[in-house]
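Student: Keeping their order, the protein sequence lines are chains S, F, A and L.
Residue numbers 240 to 582, in our numbering, belong to the letters of the first sequence in order.
Residue numbers 240 to 582, in our numbering, belong to the letters of the second sequence in order.
Residue numbers 240 to 582, in our numbering, belong to the letters of the third sequence in order.
Residue numbers 240 to 582, in our numbering, belong to the letters of the fourth sequence in order.
Warning: the hint list may mix true and false statements.
All copies of an identical chain are treated as equivalent in the list; a pair is satisfied when it fits inside any one copy or across any two copies.
Said to hold, decoys possible - Heads up, simulated BS3-like pairs for lysine-lysine below, C-alpha to C-alpha not over 27 Å straight-line:
id, residue 1, residue 2
1, Lys377, Lys504
2, Lys293, Lys504
3, Lys241, Lys294
4, Lys346, Lys321
It is worth saying that the hints were derived from the structure and are not from the lab.
4 protein chains.
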Amino acid sequence: MKVSIVGATGYTGAELLRILHNHPQAEIIHITSESSTGTEIASIYPHLTAIYDKKLISMQEEEKLAESDVVFVGLPHGHAMKLAQKLVPQGVKVIDLGADYRFSDKKIYEKWYKVEHTHENANSAYGLPELYRNQIKKADIIGNAGCHCTAAILALTPLLKAKLIEPKSIVVDSKSGISGAGRSLKLSSHFTEMYDNLTAYSVAGHRHMPEIEEVLTDMAGENTLITFVPHLIPMARGILSTSYSALKPGVTMDDIDAAFYDLYKDEYFVRLAGRGVSPATKHVRGSNFCNIGWQLDQHSGRVIVMSVIDNLVKGSSGQAVQSLNILFGLEEHVGLEQAPLYP
Amino acid sequence: MKVSIVGATGYTGAELLRILHNHPQAEIIHITSESSTGTEIASIYPHLTAIYDKKLISMQEEEKLAESDVVFVGLPHGHAMKLAQKLVPQGVKVIDLGADYRFSDKKIYEKWYKVEHTHENANSAYGLPELYRNQIKKADIIGNAGCHCTAAILALTPLLKAKLIEPKSIVVDSKSGISGAGRSLKLSSHFTEMYDNLTAYSVAGHRHMPEIEEVLTDMAGENTLITFVPHLIPMARGILSTSYSALKPGVTMDDIDAAFYDLYKDEYFVRLAGRGVSPATKHVRGSNFCNIGWQLDQHSGRVIVMSVIDNLVKGSSGQAVQSLNILFGLEEHVGLEQAPLYP
Amino acid sequence: MKVSIVGATGYTGAELLRILHNHPQAEIIHITSESSTGTEIASIYPHLTAIYDKKLISMQEEEKLAESDVVFVGLPHGHAMKLAQKLVPQGVKVIDLGADYRFSDKKIYEKWYKVEHTHENANSAYGLPELYRNQIKKADIIGNAGCHCTAAILALTPLLKAKLIEPKSIVVDSKSGISGAGRSLKLSSHFTEMYDNLTAYSVAGHRHMPEIEEVLTDMAGENTLITFVPHLIPMARGILSTSYSALKPGVTMDDIDAAFYDLYKDEYFVRLAGRGVSPATKHVRGSNFCNIGWQLDQHSGRVIVMSVIDNLVKGSSGQAVQSLNILFGLEEHVGLEQAPLYP
Amino acid sequence: MKVSIVGATGYTGAELLRILHNHPQAEIIHITSESSTGTEIASIYPHLTAIYDKKLISMQEEEKLAESDVVFVGLPHGHAMKLAQKLVPQGVKVIDLGADYRFSDKKIYEKWYKVEHTHENANSAYGLPELYRNQIKKADIIGNAGCHCTAAILALTPLLKAKLIEPKSIVVDSKSGISGAGRSLKLSSHFTEMYDNLTAYSVAGHRHMPEIEEVLTDMAGENTLITFVPHLIPMARGILSTSYSALKPGVTMDDIDAAFYDLYKDEYFVRLAGRGVSPATKHVRGSNFCNIGWQLDQHSGRVIVMSVIDNLVKGSSGQAVQSLNILFGLEEHVGLEQAPLYP
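The whole structure should be built from the sequences, with the hints applied where relevant.
Tutor: Structure, rendered in structure tokens:
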């Protein structure tokens, strides 16, 4: 498979390069950057020295991109939908790591992202393979799931599909390492400000809330209502999503256990830590795994689900490669078998 | 005031020494440790070199402790109630940094702490001065509030007193730096394990849950029901408590704002960051402040309150000194005026 | 004393505000910022909320600055010498936290700082009180010592004054927390880049090398030759300077011990950890102390000296306040008695 | 190749398991632990869940170990020499991650490790493949190089082989993440103590000093004399070795450059960052690379060499796998092609 990466100098682009280096069937043919066109990628990311000796081109060189079987897009929202409309008709698959193709309802996208959606009837799928692999198989474009979303949706879907929780009672308290804020410079990503520090952000206003809600509503088959608050944790990688949901009357701990095992028992990338076990982000660092633990709070009648992912792998580039594998008929874990880097 | 510290080699003991060094009226006369009796405190805590040249004695030397006006107890639960029964009759005030005197209902204490409570009708008060200062004034014994509890109770009391939230809808997602786990050695406090890592612990089973619930019930004047999950954050100091509560019908954002300003406008140590502002733990590090921000999630009808404290100061030793000041008729902030250490 | 701070929004300015808040004789009258003129300082540094309610003015308002007894300058090099030439004739003392007044030899300044020095015969002193307090007493302008320099000079002066080491054999390997790079945004201060990371910088080209060398030459009474390499450590505050020097023939461990105790036995801020003891940066965090330990490497005939400071206190703002106290006839430790914040 | 790991529950054992999971020719047959015999490895290291479902056996089950083609030993010194004497005669290769087979001169070993060496004429080689691969090929036992040693020796060998530096002038200031201290619990590995902290340890007394010195003497063909000081850095993984050496008269920067490129130009795992470039530990994290940069300090006549490795990979388990590949006639990088995990 000939692969290009548009927007290769962000963290998700660099992570794609790291992962695809060990993919037996992917060959990187082009990488782009508008601000660093002409530069060697290894001069921007020295860890890639002697692994890639590729120069960055401009995404304007569309005829080059069209030589690809698949193009990953690691750009802010708005760009992918323009690019996909040019590339898909030439037989190129597009995997967007941004938000352009994550929403079924273009109104939600437009409300939260403040731009017009210009590619409404695209043949696209939501890029969360455990739940949408059949759609991914047939799609031309993948809207790779958001990082907080992946963690929350994998945690809550078993309970919603099995009708065990009240769909409007859900609180998601999500905690992310600071790589999730990207490589661009801002005070809230400044080392000295964030080290030994902790804060919430975008409280009740983060764009991952409507994404989680739309997907969980799809999974539940009825409307869900989510309160979502993300937090910045002074670490580089990792998301822990702690969710709180009211149980429906009569639900037992065994029902809860069964819901998780039934849905995920054959999933390569979902590892069930089990009842009463707290997963830790470092257990999945650098890997495409999602570890999930849960506990029933008898006292309050709420179930607490904790899920951990590496935000740059299962929360972004690794999950995108998982979709790539589906698109091209490979086993989902090809190129993604690395064990987590612990400690 | 002649002050002694029983259990001076834990983090809360060392923090008392740090704070009291700048207290104009407190004089440390004895410090104890059973494992390090006879040792200079500065050899255990080199940061105290040239500040204290005191040797540790044994807490068995009760006649020495009885020379104190006040004794702080920084020991695991169970010890303080024995000690207080000996010291109080000799005219010594006791401030317990542990749990022995935190509960009104001894059954709750016994259920969660698994020991018999042997000092039921003590003249004690709950050591959270903003809410219990009148009781503290008259007490012989202070049960200093728990760290997660202080953050959660200060955050939620305004809303409960003003009857703005459903008292059984409350979820408290609390995040603590690892100093909260103390100086004893365990794998979950091992640097390499916890650095760049994140996990929940004691999910639905932490002893601060019943403490929060009992105090909030007292504040609300009706039963509350709390789901409480603490998390370990890879930083040394600080607690961020994020709480989620369902609003009662008809409550407006202005009602919420008013509740906070009404209760706290004259409090020296409570700083209201305000509506829509996310406080950060580093804004209070090393100080006795509690910063509080809040946001209404219109979409879900929940109010989110975020409060930050330094777990070793307002969450422990600083708050204990605040109670000391009340006990001895001083202004509450005497010795506690240090600005936070930022960054 | 009426105090103003020019350039109050950098970390050294904020640290001056923190320290002076507890200084019994200093009153802050003006604080300046060119980029944030008119803004409340607490909106830039929320940890100062309810401690300062001051608005930033422009440093162009020179008549206001002239109302001060002393002006601290926390600006990049080049500004202080312009300002001092205006303020000193009006009877205002100037304490420069930058480099303008650190060098005796203006040629060295001009070579390393690439600007002309326009205030050559200023009545200034090098702001390292333990070694230059007599000069400070009589000066109008203090050139506060650099952070790496303070740690290295305090460590090596005893050995050079006592003629125990070869003055051209000195290697200084210095390690600094990232706050030393300031609050301005750059990739090398980006959280995700520097967390769990470690690197040297400005190898053999850092401006603190000539400063160390000039002062040590003054101390030694003969030419010294220094190799100096600073490193960035993934922590917020602290400097550890590890220096390696060849012993002169016949020097014994007792000679080394004596050199340290002779010079520093009466110094409030220098704490001698002693022979064979490794000081740690956290032992001095938030304080104006410098802890020093040393060891003789019999095998190679080198002596290793390790000194630790908080780069923002003894390495910058705290040391500046120490000079302030000298300038105004106070005890040096006034306002600087806070115990270190540990852990 | 049938592989067993004796002492699999330490960090080096866990890292071997991580690396060998992706090795196409290695099959793990036994793993041992004396304290956790009978336990699943994934219950000790949850990151290995669904990757290994193996139970730990006791190293007393020697007949099982003898089924292996190669046994890695991840135990404190003293154990490997007993085990190797039993296994080698049965045709099993032994790769010791400890110190038993690192020294040519048994007297140095006995002096520094305080035990008798009982296997003096073993057919062993020093496990640093770039410099000893011919010896490794023919050996039965590999004494895998120490972590600080690997970084320092790779940095200095080019200069010593080319006779560019004074062999008795060398200072090595080494900085290590805390995983280097292992998983056992001690105050100097406690999160709260070490976070935001920095200190030297074992000053002029660390066992890696004689190891570095013996190997560099071998490389130089003349006696070397090393001052070595290791430091603990508040991060999990990584070593940066900064070395300072006096140049011989007449040596030019080009000579230095040539020495590095001549020795390493064909080495897969040594990446030359080049003159004037400071390598960072994160550029090699999780990989078997060693990145090297250097700079001439014209002023003092010293050359500064900086080398970075991941202490658990090139500094331990990765390098051991590199030797494994040599022993079994494979390309050295088989199973070690993962790109570094950045950021």
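Student: Hints first: check each against the structure and report whether it holds.
Tutor: Verification of the supplied hints:
no.	hint	in the structure
1	Lys377 to Lys504	within (24 Å within a copy, 48 Å between copies)
2	Lys293 to Lys504	between (41 Å within a copy, 20 Å between copies)
3	Lys241 to Lys294	within (16 Å within a copy, 42 Å between copies)
4	Lys346 to Lys321	within (18 Å within a copy, 58 Å between copies)
Violation of the numbered hints given earlier is absent; every hint is satisfied by the structure.
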